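Participant: The primary structure of each chain is shown beneath.
2 protein chains.
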Amino acid sequence: MLNFEFHNPTRIVFGKDRFRELNRLIPADATVLLCYGGGSVKRFGTLDKVRQALGERNVLEFGGIEANPRYATLMRAVEVVRREQIDFLLAVGGGSVMDGTKFIALAAEYAGNPEDILFGKAKPAQLASAVPLGTVVTLPATGSEMNSGGVISHGDGKFVFFSPHVFPRFSILDPTLTFTLPPTQVANGVVDAFIHTVEQYVTLPAEGRFQDRTAEGILRTLIEIGPVTVADPKDYDARANLMWCATNALNGLIGAGVPQDWTTHMIGHELTALFGIDHAKTLAIVQPAVWTVRREQKRAKLLQYAERVWDLGAGDEDSRVDTAIARTRAFFESLGVATRLSAYGVSREQIDTVVRNLEAHGMVALGEKREVTPEVSRRILEEAW
Amino acid sequence: MLNFEFHNPTRIVFGKDRFRELNRLIPADATVLLCYGGGSVKRFGTLDKVRQALGERNVLEFGGIEANPRYATLMRAVEVVRREQIDFLLAVGGGSVMDGTKFIALAAEYAGNPEDILFGKAKPAQLASAVPLGTVVTLPATGSEMNSGGVISHGDGKFVFFSPHVFPRFSILDPTLTFTLPPTQVANGVVDAFIHTVEQYVTLPAEGRFQDRTAEGILRTLIEIGPVTVADPKDYDARANLMWCATNALNGLIGAGVPQDWTTHMIGHELTALFGIDHAKTLAIVQPAVWTVRREQKRAKLLQYAERVWDLGAGDEDSRVDTAIARTRAFFESLGVATRLSAYGVSREQIDTVVRNLEAHGMVALGEKREVTPEVSRRILEEAW
Numbered sequence: 050m051l052n053f054e055f056h057n058p059t060r061i062v063f064g065k066d067r068f069r070e071l072n073r074l075i076p077a078d079a080t081v082l083l084c085y086g087g088g089s090v091k092r093f094g095t096l097d098k099v100r101q102a103l104g105e106r107n108v109l110e111f112g113g114i115e116a117n118p119r120y121a122t123l124m125r126a127v128e129v130v131r132r133e134q135i136d137f138l139l140a141v142g143g144g145s146v147m148d149g150t151k152f153i154a155l156a157a158e159y160a161g162n163p164e165d166i167l168f169g170k171a172k173p174a175q176l177a178s179a180v181p182l183g184t185v186v187t188l189p190a191t192g193s194e195m196n197s198g199g200v201i202s203h204g205d206g207k208f209v210f211f212s213p214h215v216f217p218r219f220s221i222l223d224p225t226l227t228f229t230l231p232p233t234q235v236a237n238g239v240v241d242a243f244i245h246t247v248e249q250y251v252t253l254p255a256e257g258r259f260q261d262r263t264a265e266g267i268l269r270t271l272i273e274i275g276p277v278t279v280a281d282p283k284d285y286d287a288r289a290n291l292m293w294c295a296t297n298a299l300n301g302l303i304g305a306g307v308p309q310d311w312t313t314h315m316i317g318h319e320l321t322a323l324f325g326i327d328h329a330k331t332l333a334i335v336q337p338a339v340w341t342v343r344r345e346q347k348r349a350k351l352l353q354y355a356e357r358v359w360d361l362g363a364g365d366e367d368s369r370v371d372t373a374i375a376r377t378r379a380f381f382e383s384l385g386v387a388t389r390l391s392a393y394g395v396s397r398e399q400i401d402t403v404v405r406n407l408e409a410h411g412m413v414a415l416g417e418k419r420e421v422t423p424e425v426s427r428r429i430l431e432e433a434w
Numbered sequence: 050m051l052n053f054e055f056h057n058p059t060r061i062v063f064g065k066d067r068f069r070e071l072n073r074l075i076p077a078d079a080t081v082l083l084c085y086g087g088g089s090v091k092r093f094g095t096l097d098k099v100r101q102a103l104g105e106r107n108v109l110e111f112g113g114i115e116a117n118p119r120y121a122t123l124m125r126a127v128e129v130v131r132r133e134q135i136d137f138l139l140a141v142g143g144g145s146v147m148d149g150t151k152f153i154a155l156a157a158e159y160a161g162n163p164e165d166i167l168f169g170k171a172k173p174a175q176l177a178s179a180v181p182l183g184t185v186v187t188l189p190a191t192g193s194e195m196n197s198g199g200v201i202s203h204g205d206g207k208f209v210f211f212s213p214h215v216f217p218r219f220s221i222l223d224p225t226l227t228f229t230l231p232p233t234q235v236a237n238g239v240v241d242a243f244i245h246t247v248e249q250y251v252t253l254p255a256e257g258r259f260q261d262r263t264a265e266g267i268l269r270t271l272i273e274i275g276p277v278t279v280a281d282p283k284d285y286d287a288r289a290n291l292m293w294c295a296t297n298a299l300n301g302l303i304g305a306g307v308p309q310d311w312t313t314h315m316i317g318h319e320l321t322a323l324f325g326i327d328h329a330k331t332l333a334i335v336q337p338a339v340w341t342v343r344r345e346q347k348r349a350k351l352l353q354y355a356e357r358v359w360d361l362g363a364g365d366e367d368s369r370v371d372t373a374i375a376r377t378r379a380f381f382e383s384l385g386v387a388t389r390l391s392a393y394g395v396s397r398e399q400i401d402t403v404v405r406n407l408e409a410h411g412m413v414a415l416g417e418k419r420e421v422t423p424e425v426s427r428r429i430l431e432e433a434w
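Keeping their order, the protein sequence lines are chains A and B.
The numbering of the first sequence is this note's numbering, which starts it at 50 and goes up by one.
The numbering of the second sequence is this note's numbering, which starts it at 50 and goes up by one.
Simulated from the structure, these hints should not be mistaken for lab results.
Remember, it's a predicted structure, so these values are computed and weren't measured experimentally.
Identical copies carry no separate label here, and so any pair may be met within one copy or between two of them.
Computed list of lysine to aspartate or glutamate pairs in EDC-like fashion (alpha-carbon distance at most 20 Å, straight line):
1. Lys65 with Glu54
2. Lys91 with Glu110
3. Lys283 with Glu256
4. Lys65 with Glu256
5. Lys98 with Glu70
6. Lys170 with Asp205
Put together the whole structure using the sequences plus the hints.
Facilitator: Written as structure tokens, this is what we have:
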């Protein structure tokens with residue numbers, strides 16, 4: 050097992066109607082900025098319920114945080130936070146709203162140019178604080194509700210940032226708030242959680258037995274409940290299991306002390322930025338291709354994945370790996386998520402542009418051993434096409 | 050899935066020689082009380098290394114915290130904390146030292162009679178703070194390094210307390226610090242972690258799929274590495290996996306949102322208090338008997354346990370349950386831990402005394418549905434004899 054540090058102070062409040070407890074979770078004298086996305090939290094009454102639970106507090110709203118939230122949008126919220134002396138941010142939404150709110154929290158207290166935070170130019174001493182924040186999760190997928198990172202769009206790229214100061218103080222996970230989601234978003238959530246898990250698991254053997262077993266448990270659970278929860282939005286237990294798996298897939302637990310490989314996310318980010326393909330759908334496109342191209346490097350863990358997740362313990366090794374990759378692809382497709390780049394209208398020629406952007410964004414040595422050069426990324430994209 | 054709240058702010062610093070990082074983890078101006086047990090941390094040099102890592106800080110020592118730490122012992126430390134204006138407690142040891150240090154932390158800031166904390170008479174408002182504490186773990190077993198509870202001996206009983214204020218600020222888990230443990234203590238650690246896990250898992254079905262899979266992962270890992278780590282104390286990876294499993298077995302993760310049944314612990318506490326049997330050994334005695342006596346109530350989860358932990362998916366149900374119980378018993382015995390009350394010199398007649406003490410301590414409705422009356426406990430003890 051590799052050395053690690055694990056610290057996750059987010060309080061999870063899980064269950065039906067738990068947003069009623071917002072009153073105890075946010076300081077009574079706080080001026081709150083409610084951050085949200087499009088109209089669905091308004092349309093389905095979630096925002097009203099949340100406002101009611103906040104009682105007599107001074108509450109302002111900032112709506113319009115888009116999917117793949119943009120720097121310029123968020124900077125308008127930063128102005129509001131500074132001008133109105135906001136002292137608590139409450140994100141109501143999915144990963145984009147939560148990530149965006151984390152960025153607002155950090156940027157509002159950053160003395161320099163907040164672009165620094167995205168471009169890795171901010172020094173730790175400059176990132177010594179953030180406006181405290183909490184979340185009410187309406188879309189189980191990204192795990193943002195219980196981690197310290199976010200992804201923000203700027204120009205033609207997507208940029209990742211981390212700070213221990215943006216761990217949510219609390220996150221309310223109420224499966225019933227997700228009942229109104231369209232099936233395609235739920236399918237995306239299943240895929241996102243699945244890929245987060247394999248990126249911390251299908252790497253190199255490292256004797257992280259608890260981590261591996263827990264990752265395998267998340268994957269098996271997603272395989273069991275994925276189709277159920279896409280088909281029947283009101284199956285509480287299926288949705289609850291999706292929600293809790295998505296959180297645990299990216300709260301640091303399964304990645305502590307083991308190698309990680311975020312190739313799929315980094316290539317996927319370019320596909321979203323260039324072609325507007327949903328984040329999770331880009332992952333479903335790229336992941337099977339990463340495994341196909343890098344099967345030798347990942348052989349031991351692919352065999353473990355085949356055996357423990359898909360019960361493929363017999364037969365020759367190569368066919369086990371092939372079948373595991375094919376089953377994974379079929380699982381995504383069964384949720385209605387296409388797994389080929391060509392299915393999203395991207396031409397083979399456009400792969401050049403993707404590779405160029407990876408290079409422009411410094412994504413030239415990806416993978417658990419930094420072996421994924423632009424040339425390897427090209428092979429992955431060609432395989433994924 | 051049941052509703053739950055999960056919050057665990059302890060920072061885990063895991064790996065070889067991590068105690069060197071104590072300097073960054075404890076405030077520079079703190080007056081520290083080092084709390085420890087018998088001579089082993091002195092004999093093997095751990096205490097010296099820790100003192101060195103603390104640098105120029107004002108450091109006092111409180112040694113002699115015994116196994117199953119006693120109220121009277123700990124109250125002597127409370128006096129030191131108050132007199133010397135200690136502002137950080139550092140526990141160096143196993144579960145007893147960590148539990149004892151948590152009690153010291155809470156009692157030192159408690160205005161009334163600290164016995165209230167053990168007897169459930171302290172009101173939450175009276176338990177609003179504790180002296181901050183950290184731990185350096187030398188014995189993987191109880192999970193105390195990452196939870197908010199402790200067990201203290203007082204008179205003829207063992208008493209459990211909880212407070213969110215006694216979560217360690219950090220815990221240093223260095224597998225190499227455990228290399229000098231005697232095999233019997235390592236075996237006890239494996240059993241303790243195993244039982245913690247099944248008490249949150251072999252209960253009633255509750256659609257906690259992530260929790261069940263994670264529990265099963267801990268159990269399978271303990272079965273894999275238990276004999277290895279007892280036989281070869283210097284196998285770093287085996288010891289690391291034991292250590293991280295023991296922590297995760299009782300940090301709230303696998304018990305969140307599912308029923309729990311602490312019957313085995315409650316009966317076990319009486320056996321330790323009356324007969325001085327090691328805590329873990331009492332658990333190995335009681336658990337198989339709990340399952341035998343309550344097999345109908347626990348049937349669904351026992352079958353799941355049989356299938357997913359012991360690969361017993363075929364044959365008639367009753368024989369699967371029988372075999373799973375027998376395998377569990379054989380696993381404990383293979384570690385050198387006897388699983389019969391009679392093996393520890395307790396007579397059948399003494400069961401009366403155990404049942405009387407359970408009643409005296411209010412342990413009259415144990416189990417996930419509070420169905421374990423003193424009469425059921427008697428049957429369990431007779432089965433365990």
